[in-house]
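Visitor: The residues making up each chain are set out below.
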Amino acid sequence: ETGVTQSPTHLIKTRGQQVTLRCSSQSGHNTVSWYQQALGQGPQFIFQYYREEENGRGNFPPRFSGLQFPNYSSELNVNALELDDSALYLCASSPGGYGNQPQHFGDGTRLSIL
Amino acid sequence: KQEVTQIPAALSVPEGENLVLNCSFTDSAIYNLQWFRQDPGKGLTSLLLIQSSQREQTSGRLNASLDKSSGRSTLYIAASQPGDSATYLCAVTTLGGAGGTSYGKLTFGQGTILTVHP
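First to last, the sequence lines map onto chains A and B. Going by our numbering, the first sequence opens with residue 75, and the numbers climb by one from there. Going by our numbering, the second sequence opens with residue 682, and the numbers climb by one from there.
Just to be clear, a hint being listed does not mean it is correct.
As the list claims (entries may be wrong) - Beta-carbon label-pair distances, calculated as ranges:
{"no.": "1", "chain 1": "A", "residue 1": "90", "chain 2": "B", "residue 2": "684", "range": "41 to 49 Å"}
{"no.": "2", "chain 1": "B", "residue 1": "700", "chain 2": "A", "residue 2": "82", "range": "31 to 39 Å"}
{"no.": "3", "chain 1": "A", "residue 1": "102", "chain 2": "B", "residue 2": "776", "range": "20 to 28 Å"}
{"no.": "4", "chain 1": "B", "residue 1": "764", "chain 2": "A", "residue 2": "113", "range": "21 to 29 Å"}
{"no.": "5", "chain 1": "B", "residue 1": "682", "chain 2": "A", "residue 2": "79", "range": "46 to 54 Å"}
{"no.": "6", "chain 1": "A", "residue 1": "176", "chain 2": "B", "residue 2": "690", "range": "21 to 29 Å"}
{"no.": "7", "chain 1": "B", "residue 1": "709", "chain 2": "A", "residue 2": "156", "range": "22 to 30 Å"}
{"no.": "8", "chain 1": "B", "residue 1": "710", "chain 2": "A", "residue 2": "137", "range": "29 to 37 Å"}
{"no.": "9", "chain 1": "B", "residue 1": "688", "chain 2": "A", "residue 2": "127", "range": "33 to 41 Å"}
Claimed, not checked - Chain B regions said to be covered by chain A (calculated; three or more residues, Cβ under 8 Å):
{"no.": "10", "stretch": "719-726"}
{"no.": "11", "stretch": "785-799"}
FYI, nobody ran anything at the bench for these hints, they're computed from the structure. Just so we're clear, the structure is a prediction, and the values are computed from it rather than from any experiment. For glycine and all other residues, C-beta sits at the position ideal for the given N, C-alpha and C.
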């Protein structure tokens with residue numbers, strides 16, 4: 075059984091640029107959630123996709139957007155990058171969008187903004 | 682708004698000690714509570730998941746308890762080893778959404794940094 079995989083592992087961008095992060099969900103999982111983890115903090119919920127639709131969003135501005143594809147893989151897009159966007163971005167997948175199933179996490183993408 | 686707090690923020694113990702990590706949450710309307718381990722620069726590894734109807738879960742040297750009414754959970758690690766050194770995160774799943782949609786999201790504490798020295 076293949077787990078959650080994220081790419082790339084590390085990324086360096088400058089302020090104002092745009093970035094796309096990718097996530098392949100675990101086999102059989104149709105729900106993908108994205109989290110942002112700043113250094114020394116716990117992860118913060120960005121949004122969740124269930125069957126290709128965004129079905130929940132945390133307190134993040136619209137320049138954070140996403141997609142989910144028919145194979146349930148997902149992308150996180152961030153426009154107009156700011157220094158505070160530097161963080162570890164984590165993707166988690168689970169079977170079903172209701173929330174009582176455990177979420178399985180990938181190793182994350184480390185994004186650094188210069 | 683759900684808030685999760687973990688105490689202590691950091692803990693350093695000698696090998697072999699039994700230890701307890703604490704987690705508290707403000708809203709008792711949770712679906713489940715998970716304890717995760719995170720190694721430096723890595724993702725999260727789920728250690729234990731306790732459904733809201735359960736009181737505890739055990740896996741090897743780890744035991745987690747849940748008191749939903751008081752908003753508390755503890756993670757007990759027996760006979761600690763240097764390999765247990767990591768950040769331990771507590772997270773609760775709550776239901777969000779309105780207007781006919783619903784979703785589960787995790788709210789995390791800031792973690793406890795554990796160091797077990799030989």
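Visitor: Of the hints stated earlier, which fail here?
Guide: 1, 5 and 7
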